[in-house]
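Keeping their order, the protein sequence lines are chains A and B. If you're matching positions, the first sequence starts at 59 in my numbering and goes up one per residue. If you're matching positions, the second sequence starts at 59 in my numbering and goes up one per residue.
Hint data in this document are derived by calculation from the structure and do not stem from the laboratory. This list has only true hints and no planted wrong ones.
Derived coverage of chain A by chain B (criterion: at least 3 residues anywhere in the stretch with Cβ under 8 Å from a Cβ of chain B; other residues may be distant): (1) 172 to 184; (2) 201 to 208; (3) 228 to 237.
Using 30 Å as the maximum straight-line C-alpha spacing, the simulated DSSO-like pairs for lysine-lysine come out as follows: (4) 137(A) - 213(A); (5) 73(A) - 99(B); (6) 213(B) - 137(B); (7) 226(B) - 73(A); (8) 135(A) - 99(A); (9) 73(A) - 226(A); (10) 73(B) - 73(A); (11) 99(A) - 73(A); (12) 226(A) - 226(B); (13) 213(B) - 135(B); (14) 73(A) - 137(A); (15) 73(B) - 99(A); (16) 330(B) - 260(B); (17) 330(B) - 212(B); (18) 135(A) - 212(A); (19) 137(B) - 99(B); (20) 73(B) - 226(A); (21) 260(B) - 135(B).
Keep in mind that this is a model prediction, so the values were computed, not measured. Just so it is clear, CB atoms sit at the ideal spot from N, CA and C, and this is done for glycine as well.
2 protein chains.
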Amino acid sequence: MQIISSTNALRLALKTQANIGFVPTMGNLHAGHIHLVNLAKQQCNCVVVSIFVNPLQFGANEDLANYPRTLEADCEKLKAAGCDTVFTPTVAEMYPQMAQSATGIQLNQSMTIVPPDIANDLCGASRPGHFAGVATVVAKLFNMVQPQTAFFGKKDFQQLFVIRELVKQLNYPIQIVAGETVRETSGLALSSRNGYLSAAQKQQAAALNETLHEIALAIQAQNTNFESLENAAKTKLNRLGWQVDYVTVRNALNLQPATLADQHLVILAAAKIGNTRLIDNIELSL
Amino acid sequence: MQIISSTNALRLALKTQANIGFVPTMGNLHAGHIHLVNLAKQQCNCVVVSIFVNPLQFGANEDLANYPRTLEADCEKLKAAGCDTVFTPTVAEMYPQMAQSATGIQLNQSMTIVPPDIANDLCGASRPGHFAGVATVVAKLFNMVQPQTAFFGKKDFQQLFVIRELVKQLNYPIQIVAGETVRETSGLALSSRNGYLSAAQKQQAAALNETLHEIALAIQAQNTNFESLENAAKTKLNRLGWQVDYVTVRNALNLQPATLADQHLVILAAAKIGNTRLIDNIELSL
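Work the whole structure out from these sequences, hints included.
If you want it as structure tokens, here you go:
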């Protein structure tokens, strides 16, 4: 397994590869990431995993500085999973015009990708600019790695939607494969941010996925008053000590609020325990 | 020479090509375009020319509907120049989600590329959204054609600058080659929009390039009061019947207003004769 941090060296290493599977990550890898690597191994001759904590997708008050960076352990896991190439660019490599100002790091990435309006809804509503940052870094990584297939987890359902739009609307010759969310036995979706939770909070956190399942069961039992289901779920989670950002039933194909005509739904939630913001979702076909 | 209008057929035709030279155009080809094709022939094994009048880069009051479309004559010229593949997508092929509204064509391209602030200066000041439309369509075409080299004319100097930034900041693995402006004997830069001019206007139009040369001569003669030179040029052109948009001396490397420290300058102008907006520029190394 090669570990490469410069774009030029990456291009050289991948020059003769005709069937590249690409898994972009922010590192601190867990079984959800490794599941994507396994999918890539099955489908592609050469698996490239990037590890890059992308400043462009973090808000001013978010956890960029504290985001867990565990490169050595990540590389061990990737080697064991059969990854061929790990790409670990520095911030200066990704954003060469970066400058340090008195108020913090300035990323001089003045050519950016602006995603559709849906990027300002759901997680985008409380994280302005987040999906523009994601779309921009993924476009850059796609141009660096030039994969035939790229793998994204369904836990970040809205991100997956934005990436699919990126590929479709900018005509990237890349197939997007979605990996199922990997969960703890309790139902808690694996996330690098779970590492911020105390043991007690981790137990508490299982309620997020439970609540989504309760909504799904209610819908399957013909309760299609989505707003009432959403409100009941929010009330319950707030009572359990969460600060709920959103719980919402959406059309899984376009992420618009669900209507009675929709056959493929997704129930999405974002909420905080203490300072830790967690997201989850489940799909539901009627 | 193949003429292809679908993206899928294009990808199939180019699949085994490893050294593609790409010349994106809006058609109505003149010797300036053919110069770019000749450069591509010299440097690449396979030359692809796209012909697409891109609605996304036209403003509401601009000449989208009247822009000259001369596909048959264009293809004859390209065949004679040794072009291998002409890509002629329809608007629906480039923007599949397009919808027709009561107020006109709606391009449902909701994932777009936003260029740097310089795109709102010079031609961008009077053509809001123009360079975002250019950057977005070129990014799409780059992803469709996947060339190793792409060729752009220096007549559209600001466009060339935006494309270079696109490639650099989004890490496209593409070399950009700039072709020199091709001119009439009078000095008038070749442009598809010259076809709008009457014989009398065409004679008059040579004054644009003459004026740029007068500024260059003055600067070479140590007159570095750029503002005064710009104002004199505007006054002269307005007196000759032009409606001047801008005449400006800039740093050729970053398009910022020129300073006395700059060694590589570009003098740019945009002005209208009648309803026809023409642009021109000349570079100047001190």
